[in-house]
Amino acid sequence: GAGVSQTPSNKVTEKGKYVELRCDPISGHTALYWYRQSLGQGPEFLIYFQGTGAADDSGLPNDRFFAVRPEGSVSTLKIQRTERGDSAVYLCASSLDSGGTDTQYFGPGTRLTVL
Amino acid sequence: AQTVTQSQPEMSVQEAETVTLSCTYDTSENNYYLFWYKQPPSRQMILVIRQEAYKQQNATENRFSVNFQKAAKSFSLKISDSQLGDTAMYFCAFMKQRRGNMLTFGGGTRLMVKP
Numbered sequence: 001g002a003g004v005s006q007t008p009s010n011k012v013t014e015k016g017k018y019v020e021l022r023c024d025p026i027s028g029h030t031a032l033y034w035y036r037q038s039l040g041q042g043p044e045f046l047i048y049f050q051g052t053g054a055a056d057d058s059g060l061p062n063d064r065f066f067a068v069r070p071e072g073s074v075s076t077l078k079i080q081r082t083e084r085g086d087s088a089v090y091l092c093a094s095s096l097d098s099g100g101t102d103t104q105y106f107g108p109g110t111r112l113t114v115l
Numbered sequence: 001a002q003t004v005t006q007s008q009p010e011m012s013v014q015e016a017e018t019v020t021l022s023c024t025y026d027t028s029e030n031n032y033y034l035f036w037y038k039q040p041p042s043r044q045m046i047l048v049i050r051q052e053a054y055k056q057q058n059a060t061e062n063r064f065s066v067n068f069q070k071a072a073k074s075f076s077l078k079i080s081d082s083q084l085g086d087t088a089m090y091f092c093a094f095m096k097q098r099r100g101n102m103l104t105f106g107g108g109t110r111l112m113v114k115p
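Line order of the protein sequences matches chains L and R.
Going by the working numbering, the first residue of the first sequence is number 1, and it counts up by one from there.
Going by the working numbering, the first residue of the second sequence is number 1, and it counts up by one from there.
This is chain L alone, in the form it adopts within the complex:
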């Protein structure tokens, strides 16, 4: 595919459940970012991967949130013991090398609803 893809498009879960959100970056992009966009707000940074490693996870709100990128391509954002406040659109973006000059390209996001 030409762009960043994210699955599922929508996810509804119950409070306390575990969820996984998947991101497929653009082929060849080594940098991958996760953002969270609450209703009516701009996206907020969660975590950045350079290759397989999480180079900056300072945006993760607490230890219920975790993300992996084991082979340096697909990434999964994992949320344990979901809370209603976790409801948001989770956006993934990728860029070539993140050398400070590379544009980030976004996927369509996953809308998470926690009941």
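Some hints here could point you the wrong way.
Chain R is nowhere near these chain L residues, computed Cβ spacing over 12 angstroms in every case [claimed, not checked]: (1) E14; (2) G16; (3) Y18; (4) E20; (5) D24; (6) S27; (7) G59; (8) F65; (9) F66; (10) E71; (11) S73; (12) K78; (13) G85; (14) R111.
Heads up, simulated EDC-like pairs for lysine to aspartate or glutamate below, C-alpha to C-alpha not over 16 angstroms straight-line [to be verified]: (15) R:K96 / L:D56; (16) R:K73 / R:D26; (17) R:K96 / R:E61; (18) R:K78 / R:E15; (19) L:K17 / L:E83; (20) R:K114 / R:E15; (21) R:K96 / L:D102; (22) R:K96 / L:D97; (23) L:K17 / L:D56.
So the derived list for chain R, only partly shown, Cβ under 8 angstroms to chain L, looks like this [to be verified]: (24) P41; (25) Q44; (26) G85; (27) M102; (28) F105; (29) G108.
I should point out that these hints are in silico values taken from the structure, not numbers from a laboratory.
Fair warning: this is a prediction, and the values are worked out from it, not measured in the lab.
Glycine included, C-beta positions come from ideal geometry on N, C-alpha and C.
Given chain L, work out where chain R should sit, using these hints.
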């Protein structure tokens, strides 16, 4: 820390007219990038235009242009000959010129183009 402020929550414009969206930011960095992203109801964040802070010349992309005032830390977006397809949320974003840096977004401006 960087902050980005968009003071216009909503704007409207008649088709074929010109509209300007405002953005101010605060940073102690000297080298950075500024972006305008468009987010239609599909949720896909689409890059509209980018500006390197070291460039004095304002960026232009077809009907889209910016007015970048570095000293004033202002970065407005002008849309000429507005089209119905321009209806969307518009986000201003800041990025340090450094590897692995996340985007810091403003709160967005909802633009409605009226026929």
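Evaluation of the provided hints:
no. : hint           : in the structure
1   : E14            : holds (23 angstroms)
2   : G16            : holds (26 angstroms)
3   : Y18            : holds (24 angstroms)
4   : E20            : holds (19 angstroms)
5   : D24            : holds (14 angstroms)
6   : S27            : holds (18 angstroms)
7   : G59            : violated (7 angstroms)
8   : F65            : holds (15 angstroms)
9   : F66            : holds (18 angstroms)
10  : E71            : holds (19 angstroms)
11  : S73            : holds (17 angstroms)
12  : K78            : holds (20 angstroms)
13  : G85            : holds (18 angstroms)
14  : R111           : violated (7 angstroms)
15  : R:K96 / L:D56  : holds (14 angstroms)
16  : R:K73 / R:D26  : holds (7 angstroms)
17  : R:K96 / R:E61  : violated (22 angstroms)
18  : R:K78 / R:E15  : holds (14 angstroms)
19  : L:K17 / L:E83  : holds (8 angstroms)
20  : R:K114 / R:E15 : holds (6 angstroms)
21  : R:K96 / L:D102 : holds (11 angstroms)
22  : R:K96 / L:D97  : holds (14 angstroms)
23  : L:K17 / L:D56  : violated (26 angstroms)
24  : P41            : violated (11 angstroms)
25  : Q44            : holds (5 angstroms)
26  : G85            : violated (17 angstroms)
27  : M102           : holds (4 angstroms)
28  : F105           : holds (3 angstroms)
29  : G108           : holds (5 angstroms)
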